[in-house]
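Chemist: Got chain A; can you put chain B on it based on the hints?
Each protein sequence line maps, in turn, to chains A and B. Just so you know, we're using this note's numbering here: the first sequence kicks off at 23 and counts up by one. Just so you know, we're using this note's numbering here: the second sequence kicks off at 23 and counts up by one.
Hints are computed from structural coordinates only; laboratory data are not their basis. Accuracy of the hints is not assured; some may be wrong.
The list cannot tell twin chains apart, which means a pair is met if one copy fits it or any two copies do.
Stated by the list, open to error - Below, computed lysine-lysine pairings styled on PhoX-like, alpha-carbon distance capped at 25 Å:
hint, residue 1, residue 2
1, Lys222, Lys261
2, Lys327, Lys118
3, Lys327, Lys80
4, Lys239, Lys327
5, Lys222, Lys239
6, Lys175, Lys347
7, Lys177, Lys347
8, Lys261, Lys243
9, Lys118, Lys290
10, Lys212, Lys104
11, Lys177, Lys222
12, Lys41, Lys347
13, Lys212, Lys243
14, Lys261, Lys118
15, Lys327, Lys222
16, Lys218, Lys239
17, Lys118, Lys347
18, Lys327, Lys294
19, Lys104, Lys80
20, Lys218, Lys175
21, Lys290, Lys261
22, Lys239, Lys261
2 protein chains.
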Amino acid sequence: MRVAVDVMGGDRAPGEILKGCWQAAELLSGDDMVHLVGDGAIINDALSTNPVPANKLKHYNVVATTQIIEMDDSPVESIRAKPDSSIAVMCRMVSKGEADAVISAGNTGACVAASQLRMRLLPGVARPGIAVVLPTFHGPVVVCDVGAQVIAKPKYLQQFALMASAYSHDLFNIETPRVALLSIGEEDAKGTGTVKEARKLLRDEPLINFIGNIEGKDVFKGTCDVIVCDGFVGNILLKFTEGLSEGIFQTMAAEMEQESAEVFEKFKGVAKRIWARHDWQEHGGAPLLGVGGICMICHGRSEAKAIKNAIRVAKQLVNSGVNAKITARIAQSIQVTDE
Amino acid sequence: MRVAVDVMGGDRAPGEILKGCWQAAELLSGDDMVHLVGDGAIINDALSTNPVPANKLKHYNVVATTQIIEMDDSPVESIRAKPDSSIAVMCRMVSKGEADAVISAGNTGACVAASQLRMRLLPGVARPGIAVVLPTFHGPVVVCDVGAQVIAKPKYLQQFALMASAYSHDLFNIETPRVALLSIGEEDAKGTGTVKEARKLLRDEPLINFIGNIEGKDVFKGTCDVIVCDGFVGNILLKFTEGLSEGIFQTMAAEMEQESAEVFEKFKGVAKRIWARHDWQEHGGAPLLGVGGICMICHGRSEAKAIKNAIRVAKQLVNSGVNAKITARIAQSIQVTDE
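Pulled out of the complex, with its shape left as it was, chain A reads as follows (with noise of 0.2 Å):
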């Protein structure tokens, strides 16, 4: 597995990125090469004092790049602008077969234009969709779409839920992930033409295991493995579980503060554990599958633990051919007009 990380994007790059790189090094092996692209002093200057064993070096490579994508700079104008810019160096080698994968936590709109544009479209496949891992209380939920596509077409809602399916089997090793479609009730007639349209192609095909709709209060319920939606609806959602729970949990500490020192330290304690195992850090990011490669998007705020699970990731999909899977469903899946 070869992967390329943009080691410029996100908030606390490159710092955890690096940091990241360097903690992946325990899951590199045989011809596994990360690829460590952005500013080559920098990289270059980390790479001489990284804690990363001898005999592991071997698997990291600079890839030494001048320019670099911001956060706020519009996605399709900058890929063009920035032709030497981390992100689309890395799409760039994945379009010569220089690499299987890209991670980066840069520039979201950007990545999924710059892959797109070079590591083109699986055949079949009408638009990507980006895949989030959702902890949820009974086990990880895997949301498709949460931003690629801010209005979707019913086929491409369909391609989601085979897509997002292959990619539930492949990293929970779920056998038939159940899929629902999220909407404002769990009849036929509730939720806009598209949403219903949507249902009827999800029902119909063999190769996705339809549960029916959802309602938003039931996604962390454990009934599905898999949530379809538009990625104006997707990433509303996935923004709003950050901003609730971080204020539950706020909420909740200043009350138990105001209880006694030795309560507040036990709820202290519990809010760690729970965070821990709900901690979206640990899947790394959210692949845009559709494309012709891996490419892990991550979230901004990601620290060093995100970008290593990323890699672990990366790698597991390389290697289970998720693409492979996703191209053949997509080939057998009922063809249905772009309309």
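Modeler: Frame of chain A; chain B shown alone:
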């Protein structure tokens, strides 16, 4: 104020609904009248044994009906097929000038359909929107729409902002409520075409105190008083809030119980306090803004407290003349086409 209450609607009807009506006795004075709409035998029986002081009994009146709209009945069809259902009768009472407000914890779709059909829309209003109060850690936030319109045109979102601002003003005494548009990024370029178009309308409208787009993670940060979105996203978000909050508290309770009986007791006390402070039942229900009367839609799980508070809010809105304010603002606002 004359309010018609649907005694037959909701998971805990008729018991909790009637209990809520009795608890509202202390709020009733002058010409105030609560019309108890539903099964005559049940209501009269409850009236004869109810705990309302004798001097308040004059504020209650029985309106016997013979039909019931079930939770899973088709909204529009049931209104036509069941003209003597409590929901249909209540909305007719408003259209005939016999009531100012209706309250129901029953079939939401049927309430929306009957209100639109019987009360008609206020002059200039394109579509009504349901405005729910979301209790956040920094105070209440009004979210509109949470389910009346699964697809919203930019004009609807502009009007939701105007109507929800008037509601927030009258309910919470906020002079110029800060309005935000729910999207997937703060920038102009983020979101669907509808959201981008709506953003311009909200920004250019002098009657709206627009603070910009808001992302899912910032909903609970106290930066706005009103959030505007389409009913599909709003409904998913509302139910998601319920599911996630309950899940976090349940998970934490299970962990706290492992610690010690004493710690668990402390936690329960704290959790109870936090729930009480963020109890949706304190706000009674969600008005359907834009119709020619006050229509309060209550959660299907409503208990007596919610019904009592819905009566309180209905009285407040009737007395404040919120609909006259909405009509005036819609007339003064920048007129845009329906497309």
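Chemist: Give a verdict on every hint.
Modeler: Each hint tested on the structure:
1. Lys222 - Lys261: between (29 Å within a copy, 24 Å between copies)
2. Lys327 - Lys118: neither (29 Å within a copy, 66 Å between copies)
3. Lys327 - Lys80: within (22 Å within a copy, 68 Å between copies)
4. Lys239 - Lys327: Between. Shortest inter-copy distance 22 Å satisfies the 25 Å Cα cut-off; intra-copy 30 Å does not.
5. Lys222 - Lys239: Answer is within; shortest intra-copy Cα gap is 23 Å, inter-copy 32 Å.
6. Lys175 - Lys347: Classified as within: same-chain Cα gap 23 Å, cross-chain 39 Å, threshold 25 Å.
7. Lys177 - Lys347: within (18 Å within a copy, 44 Å between copies)
8. Lys261 - Lys243: both (19 Å within a copy, 13 Å between copies)
9. Lys118 - Lys290: Cα proximity of Lys118 and Lys290: none, with 49 Å in one copy and 59 Å across.
10. Lys212 - Lys104: between (45 Å within a copy, 21 Å between copies)
11. Lys177 - Lys222: within (11 Å within a copy, 31 Å between copies)
12. Lys41 - Lys347: For Lys41 and Lys347, the Cα distance exceeds 25 Å both inside one copy (33 Å) and across copies (59 Å).
13. Lys212 - Lys243: Within one copy only: 20 Å inside a chain, 31 Å across chains, cut-off 25 Å.
14. Lys261 - Lys118: neither (35 Å within a copy, 46 Å between copies)
15. Lys327 - Lys222: neither (40 Å within a copy, 41 Å between copies)
16. Lys218 - Lys239: within (19 Å within a copy, 28 Å between copies)
17. Lys118 - Lys347: Answer is within: at 22 Å inside a copy they meet the 25 Å cutoff, but 64 Å across does not.
18. Lys327 - Lys294: within (16 Å within a copy, 36 Å between copies)
19. Lys104 - Lys80: neither (30 Å within a copy, 77 Å between copies)
20. Lys218 - Lys175: both (11 Å within a copy, 19 Å between copies)
21. Lys290 - Lys261: The answer is within: 24 Å in one copy meets 25 Å, while 28 Å across copies does not.
22. Lys239 - Lys261: Both, since 16 Å and 5 Å are each at most 25 Å.
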